[in-house]
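Please put together the full structure from these sequences, using the hints given.
Chain order of the listed sequences is A and B.
Numbering-wise (my numbering), the first sequence opens with residue 13 and increments by one.
Numbering-wise (my numbering), the second sequence opens with residue -8 and increments by one.
What the hints contain is simulated information worked out from the structure, not anything from laboratory work.
There may be inaccurate statements among the hints.
Said to hold, decoys possible - Below, computed lysine-lysine pairings styled on PhoX-like, alpha-carbon distance capped at 25 Å: (1) B:K465 - A:K175; (2) B:K465 - A:K180; (3) A:K180 - A:K155; (4) A:K125 - A:K72; (5) A:K175 - A:K125; (6) B:K491 - B:K465.
Listed below are the residues making up each chain.
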Amino acid sequence: MNRWETDPLLRVEHLTMRFGGLTAVNDVSFSVGRGDITALIGPNGAGKTTLFNCVTGFYKPTRGRLAFAREGRADASEVRALTRTGRRHARLASGDVYLLERMPDFEIAARAKVARTFQNIRLFTGMTVLENLVVAQHNALMKASGLSFLGLFGAPSWRAAEKSAIEKARQWLERIDLVDRADDPAGALPYGDQRRLEIARAMCADPVLLCLDEPAAGLNPRESAQLNALLRGVRDDHGASILIIEHDMSVVMQISDHVVVLDYGALISDGTPEFVRNDPRVIAAYLGVPDDEVAP
Amino acid sequence: MAATDASGPTRLGKALRDAGFAALVAAALSFPILALRAEADMNNTLVLEQRWSWILVAAAAVGSARFFASLLDDWRARAAAVLGAWALLFGAGLAVFSRLLDRDALVWALGAGVLLLAYAWFQETRARPAPAAPAAAAPKTRDALRLFAIAATAAVIAYPIVLLFWLGPQGSLKWINNYGVQILIYVMLGWGLNIVVGLAGLLDLGYVAFFALGAYAYALLSTTFGLSFWLCLPLAGVLAAFAGVLLGFPVLRLRGDYLALVTLAFGEIINIVLTNWVDVTNGEAGVSSIPRITFFGLPFTAADDGFAATFGLGFSPIHRTIFLFYLVLALALLTCFITVRLRRLPLGRAWEALREDDIACRSLGLNTTNIKLTAFALGAMFGGFAGAFFAVRQGFVNPNSFTFMESATILAIVVLGGMGSQTGVALAAVAMIGGTEILRELDFLKRLFGEDFDPNQYRMLIFGLAMVTMMIWKPRGLVSNRQPSIFLKERRAVSGGLVKEGHG
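Structure representation (structure tokens):
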């Protein structure tokens, strides 16, 4: 049995996203396993980023359910009961479940702990590398600063919290090898460093699920290898599951445990890398074999 | 100079061509404005007055400026040459057009023109030193800024005392009131708006509304319910902050131009309500006889229980002015202190992150709604404080003090200062408000331009010219670098080019 079947972190069920007459994602269902690196692949315009935006709350799906079991194994019947109540979150007997399709984007990040990066890097370019990583710890720090009131008077508890936030940021900077550039503006970093910094920033928000939108785009082979090591480290040392959109097949095949393939908004394959690599429908989607040859 | 000599003739030709073109453009553009003027004659019918000489002067002024700017390399030489040419032009104009020739003015103008041109020639031809070494490292600029801020604060604290001893109670009144108090009000307003525009990156064109609300809050609460200033000050702040949140809610989804438009409308709505809700605000007539400031209960009067008598001083109106000065200084410093501290707290960093990229903020779990609202509320609160102070200082408020012009002035202070920089905003306030005040002092210009010349009328022209010049030379404002709020090893300023201006 695969992990995404026995211990799903996120269950995408019958997800549909329409923009007017255009159906970008059409009735897609799959699961993301806890502790897996799940790759979402497909040709350009297949609806990968749209699906991402639905999961992270930047789009509100037209239909479908996104059941996210932050802890435990959400029982299907209990999730159905939760869906009927109209609430977005419940501590069920079988686990801590969030219905992401009902939550605004910032709550998905803050409460359900799903962090993401962007296809076109979105760093705070005018702030330093360190500041970028500290902003990501905003919610914890805001509490520690007593909604700014304690912090305004420099309370010791706030100072300790700030120190530990900087320490956490420093650890991530060591991990992505940018300690020496901590006090430089993020916008002045080279492209590859910006990509890694964006991932480190997302990780500073302590995510349970990290969603990466084409993190290897524009990287050279050496940077690509560094990225693979970083992602494995994120999964192994920090216990975060990863959902990744990627075009670079070497990255996908090397690091992912589970591959989901979309084409024209529909799911065409779902399985281990080995299974997907040999799936005739995937080959057809990528190489453009005539339909009649691959008809099931 | 060798290079200049080699290209001498072509350079001169090019400069002449440039100048001719610029003069032509100036003539064409100024034709409808300067050459023809419709005026009512004795019978109240319109007659067209033709002023062709004005165009000639305008074209000559622009052409000569362009000529020297394109002929000379050194910026000092350029500036001096342009001014010199204008002085000569002015002299020539006096000689040709003026019926009653003022010999003094003519001599002054021609003398100044020749001197300036000589200086320009000297600057241009003297050997120039090698370009200076690259600007000092960023940490030094920060220390310099910090030192400057401390020294400036000390100077401002000493300012009224020094003036009092120097000019006496009569002479110093104007300088403490018109320059000190007036400028400090705008420093405070600039710092308040800086939170919204400079840090959070939300363009607010209606900031004066909060200033007005604070002023009317004190004016109405004190005249109707007899509440004291010290009670009304926090109330005015709270009321304005509440209004800030009220404004914030509808504009949460708006960005850029749309946000600017709605805030502009908000400012106008407040002004119109103040004008037309006569039952409460007394309309255009305003609220008068607002209780004046007291020294924690002791009135500044000549009475026996007044401030002067209690402390055994001779009564003088300067006491009240000095107290007002220190009061607004304290309020401004409070604004600055809170803003500087907040910048280093999560809330302040969230404001700046919002200015940089609001989508990234949301992806990291920052509630951008709350962050925007806190920025609006806090900025409004300081505006409200300033308003209450304004009312207690004037003793009279009416809607004419709170027009769009005020919003524009405050916004200009923030933009000129360098968005987000406390020091820059303070400097800009001093330059803009002090500059307009100093125009009243320039009586010697009357000798030059005649008795009916009032430099104050050229306020907006100079203001606009200063803005255009600043935006060309320092598009990011006086202090364009951003100081990071936190650092690992050393604090290095972030160059203004990387800092975003915000999306709204």
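How the hints compare with the structure:
1. B:K465 - A:K175: Cα-Cα ~37 Å, so violated.
2. B:K465 - A:K180: Violated - the C-alpha atoms of K180 (chain A) and K465 (chain B) are around 38 Å apart, more than 25 Å.
3. A:K180 - A:K155: holds (17 Å)
4. A:K125 - A:K72: Holds. K125 (chain A) to K72 (chain A) sits at ~18 Å (cutoff 25 Å).
5. A:K175 - A:K125: Holds, at about 23 Å.
6. B:K491 - B:K465: Distance of about 16 Å is within 25 Å: holds.
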